[in-house]
Amino acid sequence: MDQEPDRPASDGGSAQRAGRPPEGSDGADSLLLELVAYLRDQRTELREEWARRISEAELLSVMSDEEIFSEATEVYDNYVDALGTGSIEALQTYARELSERIIPRGVETHEVLGIVLLLRDVLARSLFANYQDDLKLLNRILDAYEPAANRIAVTVGVSFVEERERVIHDQQEALRELSTPVLQLRERLLILPVIGMLDSSRARQLTEQLLGAIQQKRATVVVIDITGVATIDRTVANHLVQTVEASRLMGASTILTGLSSEIAQTLVDLDVDLGMMKTVGDLQGGIEEAERLAGYRGADASDSMGHVES
Amino acid sequence: MSVAILRQGAYLIASIRSDLSDSEVIQLRHELSELVGSYRTRGIVIDVAALEVIDSFVARSMRSIVLTAKLRGAETVIIGIQPDVAIAIVQFHLNLEPLRVALDLDAAITLLDRMTRRDAEDGG
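Protein sequences appear in the order of chains U and B.
Everything in the first sequence is counted per this note's numbering, starting at 1 for the first residue and increasing by one.
Everything in the second sequence is counted per this note's numbering, starting at 1 for the first residue and increasing by one.
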């Protein structure tokens, strides 16, 4: 190869041509323009070839063939435009819209990357076929094509991942904003139902709310119900232990209820120090126990069952 | 599974019938943990009389069964530890720390009644 890879010679573009008339000025830009013209020319066949390869590779399996074809057409046109103008902004916007449409349908990252790389390959192969008689020209065409094509692949991939992350982030926000109300069941008896995902920031927020409520309502017993919590990790478990300890320091005893079987086993496996914690199976039992502790029902804590030998 | 789990009021009685493989021990742990939730169980009795050997894995698993059940709101009492096994446990310094042990089923039920006395108060 006799050309600098990133800067094809200025006299190259229009000299020898395999099958097409010369057009445009010299250099990579003119090569790209020629490329774009060629790809527009071949639009129908290449598009079909691409859609066929997508189906073959079993990508986008959640979409019907018609949908794949119409998306493929749009992506193809945007792709070729981006190649020609070198501006990826329009493509970025389109990729984002596309992601918005297909993420809820369960399209995975590997599928999106897969189809973009497939398109790159389909186009490259057609370039090979078209310019195979003139290797020098083919080289220069590829020099112009490859960086642009890779940039497009990266752009689409990144847009998709960003969109996905935005969706995940939004959902996390929504979960976090699910408020954690502190409810007063009776005089001096509070209930804190926890629903959704507990992470350390939410656990901290929850502790603050609870301690504030204990002070304000002058509570002596608190029931924390975590029936609605699916999983717990070590950090959060330790947070809970600290919450219980802090409540104790403020003069309230805490009962933890509604630990799922999985959470209970996780906590035991993690060897979190739960000696301080009073746990009861479900909220109902927890409230009964709390009422007893708070002195309702007149039942006292002293042992009324005298017939027990230890 | 070589463990029969019977329900007796607010208690579960898990009777082990033969030596357990490690996976059976783990399965027992899952099963008890699930049942405690669905039956609102207050106490569990585990009869280990059929176990001729209690190795460190079984000992540790028993411990985690007890802790898991406790988190789900149930107390656990072990009964039927054989004399040989008892000697071995002592000699090998196996950590059975939070385990409550009773002589037989009667004693275990009595012990559970006392440990979960809030039920008894509800009744009377």
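Hints are not guaranteed to be accurate.
Stated by the list, open to error - Once the Cα atoms are required to be at most 20 angstroms apart in a straight line, the calculated EDC-like pairs of lysine to aspartate or glutamate come out as:
{"hint": "1", "chain 1": "U", "residue 1": "Lys136", "chain 2": "U", "residue 2": "Glu146"}
{"hint": "2", "chain 1": "U", "residue 1": "Lys278", "chain 2": "B", "residue 2": "Asp113"}
{"hint": "3", "chain 1": "U", "residue 1": "Lys217", "chain 2": "U", "residue 2": "Asp233"}
{"hint": "4", "chain 1": "U", "residue 1": "Lys278", "chain 2": "B", "residue 2": "Glu75"}
{"hint": "5", "chain 1": "U", "residue 1": "Lys278", "chain 2": "B", "residue 2": "Asp55"}
{"hint": "6", "chain 1": "U", "residue 1": "Lys217", "chain 2": "U", "residue 2": "Glu245"}
{"hint": "7", "chain 1": "U", "residue 1": "Lys278", "chain 2": "U", "residue 2": "Glu262"}
{"hint": "8", "chain 1": "U", "residue 1": "Lys217", "chain 2": "U", "residue 2": "Glu187"}
{"hint": "9", "chain 1": "U", "residue 1": "Lys136", "chain 2": "U", "residue 2": "Glu262"}
Don't read these hints as lab results, they were simulated from the structure.
Note that the coordinates shown come from a computational prediction; the quantities given were computed from them, not determined experimentally.
Non-conforming hints, listed in increasing numerical order:
Violated hints (numbers, rising): 3, 5 and 9; every other hint is consistent with the structure.
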